[in-house]
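Chains as they are written, first to last, in the numbering used here: chain A, 1 to 75; chain B, 1 to 180; chain C, 1 to 361; chain D, 1 to 274.
Take these hints with a grain of salt, some might be off.
What the hints assert, rightly or not - Capping the alpha-carbon separation at 25 Å, the derived lysine-lysine pairs in DSS-like fashion look like this: (1) A/K39 to D/K231; (2) C/K355 to B/K86; (3) B/K105 to B/K174; (4) C/K308 to C/K283.
Everything labelled a hint here was simulated from the structure, so no lab data went into it.
Bear in mind that the values here come from a model prediction, so they are computed numbers and not experimental data.
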Amino acid sequence: MAKIRGAVKVDTEKCKGCSVCLGACPMGVLDLAKEVNGKGYNYCYMKDPEKCIGCASCAIVCPDGVISVYKVKVD
Amino acid sequence: MTEEIIIAGFGGQGVLSMGKILAYSGLMQGQEIAWMPSYGPEMRGGTSNVTVIISDERVSSPILTQYDTVIVLNQQSMDKFESTVKPGGTLIFDPNGITKMPTRKDINIYKIEAAQLASDMGNQKVFNMIVLGAFLKVRPIVDNRYVEEGLRHSLPERAHKLIPLNMEAIEKGKAEVVKM
Amino acid sequence: MEKELKLMKGNEAIAEAAIRYGADAYFGYPITPQSEVIEYFMEQNPIERTGMVVLQAESEVAAINMVYGAAACGMAAMTSSSSPGFSLKQEGLSYIAGAELPCLVLNVVRGGPGLGTIQPSQSDYFQSTKGGGHGDYRLIVLAPASVQEMYDFVQIGFDLAFKYRNPVLILSDGIIGQMMEKVEIGPQRVRRTMDEVIKQCPWATTGKTANRERNIITSLDLVASRQEEFNRKLVKKYDTIREKEVRCECINCDDADYVFVAYGTSSRLCMKSMDLLRKEGYKVGLVRPITLFPYPSKIIAGLAERVKGFLTIEMSTGQMVEDVMLAVNGKRPVKHYGRVGGVVPTPEEIVDAMKNFMKGE
Amino acid sequence: MAELTINDIIKEENLVYKKTKVMTDNVMHYCPGCGHGTTHRLVAEVIEELGIQDKTIGVTPVGCSVLMYNYLDIDMQEAAHGRAPAIATAIKRVMPDKFVFTYQGDGDLAAIGTAETIHSCNRGENITIIFVNNGIYGMTGGQMAPTTLAGMKAVTCPRGRDVNTMGYPLHITELIAQLPNVRFVTRQSVHTPANVRKAKAAIRKAFENQKDGKGGLSFVEIVSNCNSNWKMTAVDANKWMEENTFKEYPLGDIKVEWELQEGKISLRNRKLDY
Chain A
1 MAKIRGAVKV
11 DTEKCKGCSV
21 CLGACPMGVL
31 DLAKEVNGKG
41 YNYCYMKDPE
51 KCIGCASCAI
61 VCPDGVISVY
71 KVKVD
Chain B
1 MTEEIIIAGF
11 GGQGVLSMGK
21 ILAYSGLMQG
31 QEIAWMPSYG
41 PEMRGGTSNV
51 TVIISDERVS
61 SPILTQYDTV
71 IVLNQQSMDK
81 FESTVKPGGT
91 LIFDPNGITK
101 MPTRKDINIY
111 KIEAAQLASD
121 MGNQKVFNMI
131 VLGAFLKVRP
141 IVDNRYVEEG
151 LRHSLPERAH
161 KLIPLNMEAI
171 EKGKAEVVKM
Chain C
1 MEKELKLMKG
11 NEAIAEAAIR
21 YGADAYFGYP
31 ITPQSEVIEY
41 FMEQNPIERT
51 GMVVLQAESE
61 VAAINMVYGA
71 AACGMAAMTS
81 SSSPGFSLKQ
91 EGLSYIAGAE
101 LPCLVLNVVR
111 GGPGLGTIQP
121 SQSDYFQSTK
131 GGGHGDYRLI
141 VLAPASVQEM
151 YDFVQIGFDL
161 AFKYRNPVLI
171 LSDGIIGQMM
181 EKVEIGPQRV
191 RRTMDEVIKQ
201 CPWATTGKTA
211 NRERNIITSL
221 DLVASRQEEF
231 NRKLVKKYDT
241 IREKEVRCEC
251 INCDDADYVF
261 VAYGTSSRLC
271 MKSMDLLRKE
281 GYKVGLVRPI
291 TLFPYPSKII
301 AGLAERVKGF
311 LTIEMSTGQM
321 VEDVMLAVNG
331 KRPVKHYGRV
341 GGVVPTPEEI
351 VDAMKNFMKG
361 E
Chain D
1 MAELTINDII
11 KEENLVYKKT
21 KVMTDNVMHY
31 CPGCGHGTTH
41 RLVAEVIEEL
51 GIQDKTIGVT
61 PVGCSVLMYN
71 YLDIDMQEAA
81 HGRAPAIATA
91 IKRVMPDKFV
101 FTYQGDGDLA
111 AIGTAETIHS
121 CNRGENITII
131 FVNNGIYGMT
141 GGQMAPTTLA
151 GMKAVTCPRG
161 RDVNTMGYPL
171 HITELIAQLP
181 NVRFVTRQSV
191 HTPANVRKAK
201 AAIRKAFENQ
211 KDGKGGLSFV
221 EIVSNCNSNW
231 KMTAVDANKW
241 MEENTFKEYP
251 LGDIKVEWEL
261 QEGKISLRNR
271 KLDY
């Protein structure tokens, strides 16, 4: 059965760590990093990348448009 | 030549349009013109006056205190403007509604029974043209053909059929004006 | 082509001139004594005649902001009002000056302050020539003294507005607006096509095409140093305008001992007074500033070298007189005579004022 | 089969979503989690999808979104406070083939600019108004807005909004929906993926209403948060908004194709609501 694998790329320097994407993700993939970016924000990252389905929910609620989404079908 | 005129009466007597026709006639004759109305909040029935200046030269002040010719069409205007006629100048009035006759001796005074004549002609609207005729008889500063052209330019297209009637009224005024 | 002559009110002449100039838009709100401007436009239906947009706005505030919007698209846009309404437009004018947009504004001045009166006045001189709204800016101010000039200044005004990307004000009054005079009407000019607008105004918000960066019309810069730089740029522009755009008429000044300084309606009154005085043998001249900003200071300073004194005649308590004093710089006596609140001085009382001035009273 | 690495997935050919090119690369000045950024992006995405970047003129307000022109790669004008609809009116009138929109906050649109809002709507200017309602003045530091909820605290109503002296939360959206020339009125939010999708569809419709020649004004209210001035985290502010603001300002279409939607506008009696 074909399986969907997704991944997101976060522009960490522009991320403001607002966490809205965290709650938007149906799979609980995302979390805030312990580290901070140049602006002092704990930026978002994929804590559990295996679970990502590339649904883009995180990206479309991101107020700063810092998330790009990729998706592949795996046989 | 410069003729400084004020026409004063009630709103609705055709004071402004008479001034406008006179001004347009002067324009057609190639002269410099100023037409300055009094303006105020009243729409109808209030006093209304208009200054018309017809000149060979650039017109200076449109606001004057003395006039070559004063045309008054009610008692209020008589009270206000009799004193503003330049010595040797002209005062024209319609005795209809005038309770105190003019008293100055140093000016030429004419009367025109315009309201009565208009009524005789069966058209109250030509009242102001009869007055204009009286003025043009006394102060022939504009040639008749320019008056007709003036009418053509100041009346809207739909009223052009009334030009002969207006010219007739002007002739009536010329014929009936009386020196006091 | 034979010249077309018409008798028109100043308020009508300005509207006809805008249509014939090929203006793109007029936005207005009725107020006495200038309501004939919008009435004439509506009667003429310029959208049919030339494609010009005319709209009665919900307020003077909305009207001037509509002008902002159209001007920012590179359009030749105008509005008109009378003193209380002109005060309401000050916010918009400040933004227009700050965004460096071209536009034409007419103020048919009436007596103030507040609701004041509907009769003619010249008491908006300070407001018109010193900025009017907030911030350091100037309008180019043209002062017509006849209905013909109301007509002619539309073209001059729009041309200056586009040349300098600056709002231009025609400062008139109730007399010039309401009076009918002979007007020589120019030919109908064709409105610019969109391509011509874009060529003339590459800065305008006409839609960001692939071949250029986006255009932003704003008066905001939160970086103080850049805003200061912008203010300096404006000052340079105003200096160029002062250098190049002064317009002034001097009548009988060559042999004059004393001169009137008056603009607009007051200059017309002074012409009559000057004639009366000359008939009595007084050598009196008249300086008529046509541009109030830029002010003809150099011309007045030059006259101060040889005339004995300056009497300004204004329908105000004395506003332009301050600019005459600055130009004369203490060399000669400068005095003011005026009537206010909608009262127009008579030529005779101006004669008396000059006689008193000449006597040193 | 070898296990896929992240780098295997993050490849150009696998891209399914990224920020639209109609947005610039400038970092937005908004606070973390502010709905302005999302709403800006939805407007930009609609412009890209409709292929109207070269035909769109935007008008920005005074308030937090005053600098919107830094973020959208289109021609824009910055308006005086409240005057955006007047400016948009003129733009559309002189260039009827352009797509014109205003983007305004609650203070700009529903307080200082009420006259311009009402009258541009009443004339049925064929423009789009995007109205972001977060119930507070953000940029000036959290003062009461016309849409501030009853009892809600702001720095100019520190004891909470008293409806008897400060008025009730203004429903300008319902007011303008009743004007005959207004074509489309809707209230949406952008705080969840599902709401974002609906809001985007609404904005798209509001822009499409400028190209079919039928005219009419389209009005999209976005109920949003102001977590900084509400003194909450972004996530908490969104939750508070769901629990409180949506009760006062329920989401959904209010008017579609000149038809008022049933039950969307009801008379509101003094005091009975609170």
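Right, here's what the structure says about each hint:
A hinted pair counts as satisfied when its Cα atoms are at most 25 Å apart, and A/K39 with D/K231 qualifies at roughly 21 Å. Of the supplied pair hints, the one linking C/K355 and B/K86 holds, its CA atoms being roughly 22 Å apart against a limit of 25 Å. Distance hint between B/K105 and B/K174 is fulfilled; the C-alpha atoms sit about 23 Å from each other, no more than 25 Å. For a cut-off of 25 Å, the pair hint linking C/K308 to C/K283 stands: about 11 Å separates their Cα positions.
Checked against the numbered hints given earlier, this structure breaks none of them.
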